[in-house]
Each structure stands twice: as structure tokens, then as C-alpha cells.
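Visitor: Chain residues, written in single-letter form:
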Amino acid sequence: MRERFEHLRAWQRRLYEGGWAGVAWPKEYGGRGASLMEQVIFLEEMARAQAPPIANTLGVGLIGPTIIHFGTEEQKRRFLPKILSAEEIWCQGFSEPNAGSDVAGLRSTARLDGDHFVIDGQKVWNSYGWVADWCALVVRTDPSAPKHKGLTYILVDMKSPGIEVRPIRQMSGESEFAELFFNNVRTPAANVLGKVNQGWEVALGTLMHERATLGASITIVYRRSFDRLVELTRQIRKNGRPLSEDAVVRQKLAQAYTELEVFRLNQMRSISRLSGAGIPGPEGSILKIFWSEYNQRFQQTAQEILGPYGMLEEGSPHAVDGGEWAYGFLRTRGNTIEAGTSEIQRNIIGHFVLGLPKSY
Amino acid sequence: MRFELNETQLLLQKSAREFLANECPMAEVRRLMETETAHDAGLWKKMADQGWTGMICDEEDGGMGLGMVEMAAVFEQMGRALLPGPFLSSVALAGPLVAAAGSEAKRRYLTPMIEGKACATAALIEDSAEWDPAGWRTRAEADGNGYKLHGRKMFVTDACASSFVVVAARLSGEMALFAVSKDSAGSGICRLKGMDRTRPVYEMKFEGTPAELLMKGAAAENALSHALAVATVALAAEMTGGMSKVLELTVAYAKTRKQFDQVIGKFQAVQHMCADMFLWTESSRSAVYYAAYALDKRLPEAATAVSVAKVYAGEAYREVGNRGIQVHGGMGFTWENDVHLYYRRAKASENAFGETGDHRERIARQVVG
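For the record, the sequence lines run as chains G and L.
Numbering that gives the first Met the number 0 puts the first residue of the first sequence at 0, with every later residue one more than the last.
Numbering that gives the first Met the number 0 puts the first residue of the second sequence at 0, with every later residue one more than the last.
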């Protein structure tokens with residue numbers, strides 16, 4: 000896992016040096032200064048070339064754009080170039096054991112002590128927690144305020160004394176996520192992003208970016224999987240002919256292609272809108288529902304096509320693509336939970352888009 | 000335009016929406032769907048006055064010369080209004096077929112269509128209901144200066160409302176397109192009782208029926224494949240408009256209908272059905288406008304984009320209808336509620352111009368090989 004990660008980090012470094020890591024990011028922070036649509040076109044070309052994904056997914060996809068939007072000039076200069084070059088890998092600390100879908104109910108605290116905040120609490124489900132240099136953390140700074148009003152968004156150096164990282168083993172077998180424990184962690188108050196006690200607005204910005212733009216890089220990965228599955232159907236023979244000639248298999252592949260293509264087009268529309276407004280709207284929720292549920296249907300399709308070979312895990316004799324399909328199938332169960340469950344996304348659409356009364 | 004409508008396109012869409020709200024409200028849809036042809040000559044004239052009957056025809060032929068995206072924007076509004084009658088059959092199917100004919104045939108057939116004096120349809124599929132022309136058996140034979148047709152066409156939309164019908168038939172083994180006047184076809188037309196009463200379907204028998212040759216061979220094949228792509232985009236746009244309306248009706252109902260002393264839209268079970276309807280509708284819209292754009296620019300992936308839109312919208316419209324009826328509860332199951340009229344249209348549309356499995360196979364030919 001570490002070795003593969005270092006490989007991806009080196010790849011991102013190459014992209015950065017060529018000016019390709021942040022196509023739509025401002026030039027002064029290491030980007031190319033192009034439009035969001037041009038960034039998407041670049042990602043599509045990456046997909047076509049079967050390029051690997053980048054290492055600093057959260058930094059480039061979520062936290063960087065949030066810093067660009069809310070950060071001070073000093074913060075932008077300090078953090079953005081190293082996000083793009085993958086010199087500093089980022090994780091985010093939003094969820095807690097008792098604050099999942101109700102993330103604004105989080106309880107980790109930070110109290111001001113001179114020009115530092117002192118942070119205590121526990122975060123969970125942190126992707127890249129095991130490898131991160133920095134964490135975008137949301138903490139409670141005013142316990143007496145209503146829950147959305149007393150939060151602060153702060154950038155924390157993961158090498159600070161008092162932080163403990165524990166891996167969580169997932170149902171898919173690996174430990175992509177971690178738990179983070181903060182015990183008297185001192186962080187400069189200058190690292191607050193936005194204003195103290197206005198962290199919810201900043202966090203919402205990140206969450207909306209997560210829902211709206213993560214899709215662009217996801218399209219790359221999904222298109223590669225789709226193409227690989229098509230290739231496999233040409234190699235696997237049943238009833239004396241390749242599966243790619245089987246009418247039922249063809250229907251399933253065409254259905255998956257249709258959904259993936261519609262996802263890509265939804266993504267493009269969302270980017271068009273984002274280019275105008277600057278910050279994504281709540282309709283980004285349909286992208287989150289779409290990619291997560293698509294991926295579950297697609298991995299099921301792959302299992303139906305591969306049959307019993309599809310369930311063989313990494314290290315097994317006869318495993319297809321090193322067990323990637325068995326892993327992929329299990330991993331997709333997390334898709335409709337991470338980055339806001341499908342239920343929360345549907346609540347957002349119901350309330351914020353369709354104007355139905357809040358249900359909770 | 001690629002992913003969103005521009006100012007001009009939005010303006011066109013808005014004016015179509017207002018026109019249809021005034022000229023074709025639901026009461027009028029219900030009146031027309033109980034008539035023999037679901038066609039109203041007065042309404043047709045008003046649409047012709049808007050220039051719509053020639054919307055995608057070249058300006059040199061007297062049309063508006065609009066592109067596919069503009070066409071989709073208008074058809075979306077027509078689907079939203081559930082406009083009854085032969086507009087799609089005539090403008091998006093028969094029109095592009097006739098427009099591919101020679102100048103003399105265009106003068107005789109296309110000009111009156113553009114002027115709103117004639118409307119038309121196309122008789123293509125047969126007993127097997129296959130959309131691949133290779134499966135069509137109707138044949139033509141020379142008869143003096145003209146031709147005679149023999150065979151049977153199925154699921155011809157709006158045949159009775161049309162002044163003439165474009166018929167696909169084999170002429171000495173080649174695919175050819177003929178114009179048959181309604182007077183000649185008359186006695187062979189038999190109405191089928193389709194679910195969608197706003198768009199009647201017919202069986203047409205040809206037993207030595209006199210016909211005029213429009214084109215044959217590669218010209219006929221190209222015209223057919225182009226016209227079917229145009230009609231499919233128009234249909235998918237209509238479907239998206241229908242979904243929008245069902246979503247709107249359903250959300251409005253969920254905001255007012257009370258049970259357990261609160262509006263049912265407060266319940267997550269109901270909200271989530273509405274959210275799904277929104278997802279299906281917006282996703283169809285993305286697919287449809289890209290297909291229109293790809294067809295307009297004649298991109299290499301245009302045919303696949305059209306099939307993607309058809310497959311997606313077919314399932315989406317049905318699912319939006321399913322949820323729309325469910326959220327309306329007992330009211331949703333009544334004749335008086337409008338949702339079932341859209342649901343009927345959804346089913347008919349799913350079958351039109353190639354059902355979902357057919358279009359999936361077309362996609363597979365491109366992406367699987």
C-alpha cells in the first residue's frame with residue numbers, strides 16, 4: 000500500500016512539474032490558470048491514456064479549492080503549491096464517532112491559548128489519515144452557540160505532538176481509513192481557514208466540492224474499469240464463443256456504459272454551472288448519488304460476468320486481475336456511505352432543491 | 000451550447016412554454032385525446048404561425064433553420080404540456096425524410112408542411128416491430144409512371160391526422176421511400192388502441208396502393224437513419240419535459256397533502272422518492288441535450304449519444320411515473336389525476352423508435368464491438 004502510494008506521489012510530482020496537477024488553479028500557486036472545463040477535458044484525456052490517479056486526492060479535489068475560496072493570501076502561498084506537488088498529503092477531519100450524517104453535531108474542541116488553539120477530541124473515517132502530513136479539521140470553538148454556529152475550520156500539521164493515528168480495518172480487508180486522536184494539540188491560530196466560529200460555511204464549501212468535483216477524477220477510474228471489463232469479456236469464452244458476443248452480457252455492458260456516460264454529462268453540466276457561480280450548488284448531490292450507486296451496479300455487473308472467479312481475492316490462485324474485482328465489489332458498499340450517505344444526499348435534494356420541509 | 004442552453008435557446012424555450020400553457024392547457028389535452036385524431040387544426044395553424052412547422056427546415060426552403068438543440072428545447076416544452084397530435088410525427092420524422100428528397104418533391108410535400116397546410120407521418124416498422132430496415136418487407140412495383148405498394152406497416156403514429164404518409168418499401172431489392180396520400184391509403188388504415196391516447200397509432204395495409212417515389216438506395220437509407228436520429232432526440236426531449244412536469248405535480252402535491260397532521264413531503268420516504276425523480280429528470284436532460292448537440296455537429300459519437308439518451312430517458316420516464324403515482328397515493332390511481340396520462344406517454348415513448356434493449360444493442364456495437 001505504501002509502495003503504491005509513493006508511486007502515485009511520484010506520478011503527481013511529474014504532473015506538477017509539467018503544470019498539469021492543477022489545470023484550473025491560479026498560476027501564482029502552481030496551477031495552470033485554465034478554466035474548470037479545460038481541467039475536465041484534461042482529466043478525460045488522462046482517462047483515455049489510462050493514466051493512474053493522483054496521490055493527493057483530497058488536497059487537490061477538496062481542500063485546495065476550499066483554501067482558494069476562503070484562505071488568506073499567506074495561507075494560499077504556504078499550502079497550495081505543496082498540495083499540487085504532493086509534497087504535503089492532506090486528510091480531512093470532519094466525522095466523529097457520534098457525528099456521522101449529523102456532522103454539525105461534532106464534539107472535538109479547540110480553545111484559544113495565546114496565539115494558538117489547543118485541540119482535543121477524536122475523528123474517524125479519515126481517508127489518507129495513515130499517510131497525511133496535514134489535516135483540514137473542523138472543531139467546536141463555542142460550545143454555548145447553536146451547533147452550526149460554534150464551529151471552526153482549522154489546518155493542522157499532522158506531525159504536531161499529541162496526535163495519534165490508528166488504522167481502521169474495513170470490510171474490504173485493507174486499512175484505507177484511520178481514526179485520529181487529538182490530545183492537547185497546539186496549532187497556530189493563523190491556521191484557521193475563514194473566521195473563528197464560521198467553520199460550518201467553510202466545511203459546507205468543502206462538502207459541496209466533494210459532491211460536485213470529486214466526480215471528475217472518479218470518471219477516470221470508472222472508465223478504466225469499464226474498459227477492462229469489456230476486454231475481459233473478449234477473453235472469457237462460454238458456450239464456444241467470447242462473452243462479448245453474448246446478448247445478455249452485451250445488454251449489461253451497454254447499460255453500464257449508458258449510466259457512466261450520463262454521469263459524465265451530468266458532471267459536465269455541473270462544471271458549466273460551477274464555472275459561472277464559483278461554488279457548487281446543492282444539485283451536486285445528484286452526482287454523489289449517481290456515482291456511488293452506479294459503481295455498486297457496475298461492480299455487481301462485473302461479478303455476474305466473471306462468475307465464481309470474480310470472488311477470488313488478492314493472492315489467490317486464478318484471481319482475476321490480482322483480485323481487483325473481489326476488492327472492488329466489497330469496496331463499493333462504502334461508496335453510498337462516505338462523503339455523505341445516499342440518504343443525506345436525498346434529504347439535501349428534497350429540502351434544498353425541491354423545497355420540501357426539513358424532515359429532521 | 001454543449002451542456003447548458005444559451006440565452007437565445009432559453010428565450011425560445013420560454014416562449015414555447017408560455018404558448019403551450021395558453022393554447023394547450025390540460026383541459027384541452029383531455030378534450031383532444033378523446034377525438035379520433037387527437038389533432039386540432041386551429042392549434043396547428045397557431046403553431047405554424049410561430050414558425051414551428053418549419054423549425055428544422057432550411058431557410059431557403061422557407062423554414063426557420065434551427066439546430067437540434069433548439070429543436071430539443073421546444074420539444075421538451077411540448078412533452079411537458081403533453082401536446083397531443085402529429086407534431087413529432089410530422090416535424091421531426093416525416094419532415095427530415097421529405098427534406099432529403101429532390102426539389103420537385105420538396106415543393107409538393109415539404110412546402111405545405113412548413114406552411115402548416117399539411118402534416119405527415121412515416122410508416123416504417125412491420126409485424127416484427129423491428130427498427131432495422133433489413134427486417135422490413137413491404138415492396139413496391141412500377142405501375143406506368145408511378146408505383147404500387149404491397150405490404151403491412153405497424154404502429155404508424157398519427158396516420159389519420161396526416162395528409163400523406165412517407166412509406167419505406169423495397170423496390171427491386173433496394174430500400175426506397177414513397178409518399179402515399181391519405182386518400183389512397185384511406186381504407187387500409189386501422190386504429191390500434193394504444194395506451195397513449197394523445198398520440199394514436201395505426202396499422203396500415205397496402206394492397207396495390209398508388210405511391211410516388213421520393214428517393215431510393217443509399218439516399219433513402221441515409222435519410223432514414225438521419226430522420227430516426229432526429230425523431231429520437233425530439234422524443235427523448237419530450238420525455239424529459241414530461242418528467243419535469245410529473246416531478247412538479249408530485250412535489251406540489253407532497254407540499255399540500257396532509258396526513259398525520261403534517262404535509263407528506265416532510266416524510267423522508269416521500270422526500271426520497273421525489274429526490275430520485277429529480278435525479279432521473281436532470282440526468283435525462285443532460286443526456287438529451289448532449290445527444291442533440293452531437294447530432295447537430297455530426298460528431299462521430301452522435302449515434303451512440305442518441306441511443307444513450309433514449310435508453311436512459313426510457314427508464315427514467317417510467318421510474319418518474321412510478322414514483323409520481325405512488326406519492327399521489329389513491330389520487331394517483333384515478334383517471335381524474337393527470338399523472339397517468341404522462342405515464343401512458345412514457346410507456347409509448349419507451350417503445351417508439353427502438354425499445355430499450357434495441358438501443359442497448361446499438362450501444363454495444365460501438366463500445367463492445
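Treat the hints as calculated values from the structure; they're not laboratory data.
Warning: the hint list may mix true and false statements.
Examples of chain L residues toward chain G, derived with CB under 8 Å [to be verified]: (1) Phe18; (2) Ala20; (3) Leu278.
Some chain G residues near chain L, calculated using beta-carbon distances under 7 Å [what the hints assert, rightly or not]: (4) Ser243; (5) Val247; (6) Gln250; (7) Tyr256; (8) Glu260; (9) Arg268; (10) Gln295; (11) Pro307; (12) Arg345.
27 Å max Cα-Cα, derived DSSO-like pairs, lysine-lysine [said to hold, decoys possible]: (13) L/Lys265 <-> G/Lys146; (14) L/Lys13 <-> G/Lys148; (15) L/Lys45 <-> L/Lys265; (16) G/Lys357 <-> L/Lys257; (17) L/Lys204 <-> L/Lys215; (18) G/Lys146 <-> G/Lys81; (19) L/Lys13 <-> L/Lys45; (20) L/Lys215 <-> G/Lys357; (21) L/Lys45 <-> G/Lys357; (22) L/Lys204 <-> L/Lys257; (23) L/Lys254 <-> L/Lys296; (24) L/Lys181 <-> L/Lys116; (25) L/Lys346 <-> L/Lys215; (26) L/Lys105 <-> L/Lys192; (27) L/Lys192 <-> L/Lys204.
Idealized CB from N, CA, C, for every residue including glycine.
Visitor: Confirm or reject each hint.
Guide: How the hints compare with the structure:
With its C-beta approaching chain G no nearer than about 26 Å, L/Phe18 sits outside the 8 Å limit, and its interface hint is violated. For L/Ala20, the shortest C-beta to C-beta distance to chain G is roughly 21 Å, which exceeds 8 Å, and the interface hint is violated. Taking 8 Å as the C-beta contact cut-off toward chain G, the hint placing L/Leu278 at the interface holds, the least distance being around 5 Å. Contact between G/Ser243 and chain L, as hinted, is supported at the beta carbon level, the nearest pair being about 5 Å apart and thus within 7 Å.
With its C-beta approaching chain L no nearer than about 10 Å, G/Val247 sits outside the 7 Å limit, and its interface hint is violated. Annotation: interface hint on G/Gln250 holds; nearest CB of chain L at approximately 5 Å, less than 7 Å. The beta carbon of G/Tyr256 is positioned within 7 Å of a beta carbon in chain L (closest approach about 5 Å), and the interface hint is therefore held. A hinted interface residue such as G/Glu260 counts as satisfied when its beta carbon comes closer than 7 Å to some beta carbon of chain L; here the least separation is about 5 Å, so the hint holds.
Interface restraint check for G/Arg268: the shortest CB-CB distance to chain L comes to about 4 Å, inside 7 Å, so the restraint holds. Restraint check, G/Gln295 versus chain L: the minimum CB separation of about 15 Å is more than 7 Å; hint violated. This hint is violated: G/Pro307 has a C-beta 23 Å from the nearest C-beta of chain L, more than the 7 Å allowed. Given the 7 Å rule on beta carbons, the hint for G/Arg345 holds: about 4 Å separates it from the nearest Cβ of chain L.
Between L/Lys265 and G/Lys146 the CA atoms are separated by roughly 22 Å; this keeps the pair inside 27 Å, and the hint holds. Of the supplied pair hints, the one linking L/Lys13 and G/Lys148 is violated, its CA atoms being roughly 41 Å apart against a limit of 27 Å. A C-alpha spacing of about 43 Å is found between L/Lys45 and L/Lys265, which places the hinted pair above 27 Å, so the restraint is violated. This hinted pair checks out: G/Lys357 and L/Lys257 have alpha carbons roughly 15 Å apart, not beyond 27 Å.
For the hint linking L/Lys204 to L/Lys215, the alpha-carbon distance of about 21 Å falls within 27 Å, and the restraint holds. With a C-alpha separation of about 33 Å, the suggested pairing of G/Lys146 with G/Lys81 is violated against the 27 Å cut-off. Pair hint L/Lys13 plus L/Lys45 holds up; C-alpha atoms about 17 Å apart against a cutoff of 27 Å. The suggested pairing of L/Lys215 with G/Lys357 is violated, with an alpha-carbon distance near 61 Å, which exceeds 27 Å.
For a cut-off of 27 Å, the pair hint linking L/Lys45 to G/Lys357 is broken: about 44 Å separates their Cα positions. Distance check on the hinted pair: L/Lys204 and L/Lys257 sit about 53 Å apart at the alpha-carbon level, beyond 27 Å; violated. Taking the CA atoms of L/Lys254 and L/Lys296, the gap is near 42 Å; set against the 27 Å cutoff, the hint is violated. Between the alpha carbons of L/Lys181 and L/Lys116 the distance comes to roughly 14 Å, so the proposed pair stays at or under 27 Å and holds.
Proximity of L/Lys346 to L/Lys215 is assessed by CA-CA distance (about 33 Å); at most 27 Å being required, the pair is judged violated. The hinted pair formed by L/Lys105 and L/Lys192 fails the criterion: a straight-line CA distance of about 33 Å is larger than 27 Å. Between L/Lys192 and L/Lys204 the alpha-carbon distance is near 17 Å, which keeps this suggested pair within the 27 Å criterion.
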